[in-house]
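Going down the list, the protein sequences come from chains A, B, C and D. In this text, residue positions in the first sequence follow our numbering: the first is 624, and each later residue adds one. In this text, residue positions in the second sequence follow our numbering: the first is 624, and each later residue adds one. In this text, residue positions in the third sequence follow our numbering: the first is 624, and each later residue adds one. In this text, residue positions in the fourth sequence follow our numbering: the first is 624, and each later residue adds one.
Calculated directly from the structure, the hints in this document are not laboratory data. Hints are supplied without guarantee of correctness; some may be wrong.
For chains that are exact copies, the list does not tell them apart, and a pair is met inside one copy or across any two.
[To be verified] With a Cα cut of at most 25 Å, we get these calculated DSS-like pairs of lysine-lysine:
#1 LYS655 x LYS645
#2 LYS629 x LYS686
#3 LYS686 x LYS655
#4 LYS717 x LYS738
#5 LYS629 x LYS697
#6 LYS771 x LYS825
There are 4 protein chains.
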Amino acid sequence: MIIVLKPNVTQDEIDHIVGKIKSLNLQPHVSKGQYRTIITVIGDEDIIREQPLEAISGVESVKPILKPYKLASKETHPDRTIIRVGDIEIGGDKIVLVAGPCAVEGEREIIEHAKMVKQAGASMLRAGAYKPRSSPYTFQGYGALGLKYLAKAKEETGLPIVTEVMDPRDVELVAQYADVLQVGTRNMQNFNLLKELGKINKPILLKRGMSATINEFLMSAEYILSQGNKQVILCPRGIRTFEDITRNTLDVGAVPVLKDFSHLPVVCDPSHAMGLKDYVTSAALAYVAAGADGIMVEAHPNPEEAMSDGQQTINFEQLVELKKKLASVALALGRGIY
Amino acid sequence: MIIVLKPNVTQDEIDHIVGKIKSLNLQPHVSKGQYRTIITVIGDEDIIREQPLEAISGVESVKPILKPYKLASKETHPDRTIIRVGDIEIGGDKIVLVAGPCAVEGEREIIEHAKMVKQAGASMLRAGAYKPRSSPYTFQGYGALGLKYLAKAKEETGLPIVTEVMDPRDVELVAQYADVLQVGTRNMQNFNLLKELGKINKPILLKRGMSATINEFLMSAEYILSQGNKQVILCPRGIRTFEDITRNTLDVGAVPVLKDFSHLPVVCDPSHAMGLKDYVTSAALAYVAAGADGIMVEAHPNPEEAMSDGQQTINFEQLVELKKKLASVALALGRGIY
Amino acid sequence: MIIVLKPNVTQDEIDHIVGKIKSLNLQPHVSKGQYRTIITVIGDEDIIREQPLEAISGVESVKPILKPYKLASKETHPDRTIIRVGDIEIGGDKIVLVAGPCAVEGEREIIEHAKMVKQAGASMLRAGAYKPRSSPYTFQGYGALGLKYLAKAKEETGLPIVTEVMDPRDVELVAQYADVLQVGTRNMQNFNLLKELGKINKPILLKRGMSATINEFLMSAEYILSQGNKQVILCPRGIRTFEDITRNTLDVGAVPVLKDFSHLPVVCDPSHAMGLKDYVTSAALAYVAAGADGIMVEAHPNPEEAMSDGQQTINFEQLVELKKKLASVALALGRGIY
Amino acid sequence: MIIVLKPNVTQDEIDHIVGKIKSLNLQPHVSKGQYRTIITVIGDEDIIREQPLEAISGVESVKPILKPYKLASKETHPDRTIIRVGDIEIGGDKIVLVAGPCAVEGEREIIEHAKMVKQAGASMLRAGAYKPRSSPYTFQGYGALGLKYLAKAKEETGLPIVTEVMDPRDVELVAQYADVLQVGTRNMQNFNLLKELGKINKPILLKRGMSATINEFLMSAEYILSQGNKQVILCPRGIRTFEDITRNTLDVGAVPVLKDFSHLPVVCDPSHAMGLKDYVTSAALAYVAAGADGIMVEAHPNPEEAMSDGQQTINFEQLVELKKKLASVALALGRGIY
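Next comes chain A alone, as it looks inside the complex (with noise of 0.2 Å):
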């Protein structure tokens, strides 16, 4: 931590700051420069990071230098972190693309829309029972029964399933049946879902908050991490910006940082980041491309007619050819695929 004093700092405010670092049981050493007097504070960073230094009398400007997530950091977890879903390793060699439509339609329809998944040679299945609306006044769900569609899907299928919980009273009934609980993009910082789901042991795949900075979505991992739950995959899915032609902007950006920063895999969804079919291969490629380990989309046998989210839902000829371009350039980068 370095704390940076105001020009016109007194000899009694140094000493008062001096005194609190000291009394912390912390480290601190003065440097007077021309301008600036700057103290740098040895000692656990977590500490400090508590107290509001900022609020004292002759303090400019606070810099932290370390991070504050530990475990989802790759400086104390060197090894990248593999998550195995039945005959999958997440975060390994070989990159797995997830498709499915947005909600569960019906019991006949889930069943019907895993099996285009397989066929077109995706190897999980994502579609959710719970979904969050912007509006009161649409489609909210089969909740509960909707679980229970997936089963047979997944029965009829093998493919494992990926699905959305929203609450954290329904965590556990979600755990019952969903191979990977997926966190939305509007509870990246619901910590008290976090918690819960830190609790459980069934894998996580955590999209990232809409305007949420990647040190946020390590710490929203590191809530999930911190409660006991090692399983983590990270969603990034677009953010918000100024542009308005797509629902998002594609934050492919964001994959070589995190592949940086942390040792958890990382599973992309162009879909929401693109908002428009058209444009949700070329997306999936570039985060490929840039070095996800997975890809999760949106598709569904008649986009015209999903029940949401139609718009970005790629039809079942696109998933072909997305599994093929997605092989292509995995090959190209010395990876495979599911």
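Dock chains B, C and D against the given chain A, drawing on the hints supplied.
Same frame as chain A, now just chains B, C and D:
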């Protein structure tokens, strides 16, 4: 709803779209221009909003005409909503000043802080028992015990209490103690929490999400209103942008827009918007000059010792000064202050 | 300057960095903490700012301590700058209201508009002869002829003229006619233009770039100041964010920061910030409540017929009302108005 | 153009608007819905775009249907534009790699750098003679002398030259030396510069403005095209968002959109997008996977000694590696590389 077709749309595609609209019992009107054909749809926009029209072949874009919220809109509710908390009317001629520490720091502490708040001339007390913290390793609040301490503070001072609820499981308990339940910025789209809050009969102070558009903000209010609770206070608190000197970017421009689009009262939080105590007063005055019905600030007798948010917390003298200046600006605008 | 080293930095790398700093005649101070080694550099930060320290092996990050501008800073120039335009002092106790149409629309027109501006009680006239338009196919302004028309308007009304210069080749000509030369938002980092403006002896109203940070804004002021022209007025005018109801996002929060960091006067433009005429007054009052030294608005006797920016242009009655309300708020804050 | 009227619009107001549209020789079509009346305008959208319709009483909003650019649009120019620079065709099947130092650092230096670039397998040399620097106190480039040094480097290596022009007064001179003239991000809306560049007969590499929308980017291309110069290369280079770990936010999502909206070739700059050398390769691969026609990177034999931008500059070994990986990904996508 207006549907813009692609330049090379075929007659078959047009017929298909027209058929789809008619099948929903809506009236399509086709206009062929030199460069584009557009279809205007007359009828209930809610019905068509759910359809993934953009997924249909031949469609270039879809432009909604109506706003997706109704209960929050001034169109369907032209009279301004006034929310009563004890003797205070929020949203009327007089503005209100809410103040207090970021967190409840103990029983003795919150009573002392409440007395300070009262003495400085503020009319309501804010303080968090449940604290959404970005790190799992920092103080997470006193929880249920904090609510009891708040009750004591209210008993001692008579100040109504504003406090946050983060979890649908806590709504009932918090509602027993709080006069106003606050939804934090990270939970603005925690739809299950909003639904629970829609079922109680207490005012809700809904903070704007860090990167929520004004329309999304009003849609979240709509979630609460749609469940029956008509007492929603909108709380702008800064948004996230590229500027990093301040913690957030002060969203004063949202105030006249919210007052124009909605009948709900607007109480603003300059502390989180600016994040630096020396700028809080200017920001508060700006919010009120733009039309806010009240201000909620973080204040503490000794910000340097505050358990959280010290750098943005004003002290007693600053709170007294703020009250005085707010009164002066309110008067200049033809309003009073509690 | 503080240099944070990577966790695995070698002694050879540290020696190399220390050697490099010493070779620049600066003093390095190495502190080894538990997790990181940091090097504090004492001495002229300008020298080291030019060095690509982040490119050196072993360096994790570099944190500057001092701001990169000097002449614009309150640190080196504690007294507030007051800029005189005729009888008006910009940056003193009294705020100033500048008004006029977006563009000079003809000789007769600008004289009529100037008379309206004067009658409504504004103290300076704004209007563009050179217009930066985002489309090459729209009206580009009257150019040199427009400057002559402005001179006529000044002759008739006595109002000082604020008008934009877009091209370094036009600086000399515009300076002959304008009392204040405006730099538009798109030219805030047109450094060659800024250099030319630094060589003349007329006040410059420098608009904030659409996505410029406050530090970049002050660096652009520094460009002008560094060439000798000390008369720079800072003009916040909204910034670009994700919010799209308003044309830009009102940057009121920048006002107290600019007044704190710099001695230069601040005159704000609520018309471009909001982009919608009905919100201009609220925005103007907010800017002044936050500490602005003046307001510049687009006004036109008949906005519906304005040649550009009509949707954000207020009419005569609204201008009269704005003047009255500004006077009232200025008074409440202990200031006057011209 | 679609005009949405306010809910309480009067018949007089409707008549006034209809009259105004007819007076422009355009055809209005009025549809009255349950909640809103809308007017569809058939005819030349350019005529009505200039009218401040939103300033008219009774108008709620105006929604354009057509894009404001024509020459840059794929609609009016369905064949892709290929730009020839020496033997290289930009925008065809093969992608191009442009590399070089941020700035020309001297005659001997640029020759050495050009040889390195050639040896690593890049096909064009980039380096700045004129440097737009955010501080007036830092190295501003060699100017005209730098252009002569670039000519020497071209003579020695045969590499075509890409170099920036910042000032309309320098266009003629730069055009004598450069094979491609670059417009920097800060000048994307320097309209007078764009107009001058539209009058020469050399390819222009137009960088995207830091916060320019895709439509604004294409409008700036339109400025050049509208003056007669048809050789415009679009250069995404990152945009400004809230994320601050990287210098900018990689705008890979813009690539498929630009290729869809426009016929112009797209060459991307991952160095400025990321700002950190270790992430440049991943970013470059992502741009190409998304459809870019080329990559332009900053490279230097010893980035630590580079006169500017060292932290984002790759070295010889990294450039060799980048070329190899680009070739591999290009091949996987059915393309080649120069």
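Hints, one by one, checked against the model:
1. LYS655 x LYS645: both (19 Å within a copy, 18 Å between copies)
2. LYS629 x LYS686: both (14 Å within a copy, 16 Å between copies)
3. LYS686 x LYS655: both (17 Å within a copy, 16 Å between copies)
4. LYS717 x LYS738: Result: close within a single copy only, 22 Å intra versus 38 Å inter.
5. LYS629 x LYS697: between (35 Å within a copy, 13 Å between copies)
6. LYS771 x LYS825: within (18 Å within a copy, 37 Å between copies)
In summary, this structure violates none of the numbered hints.
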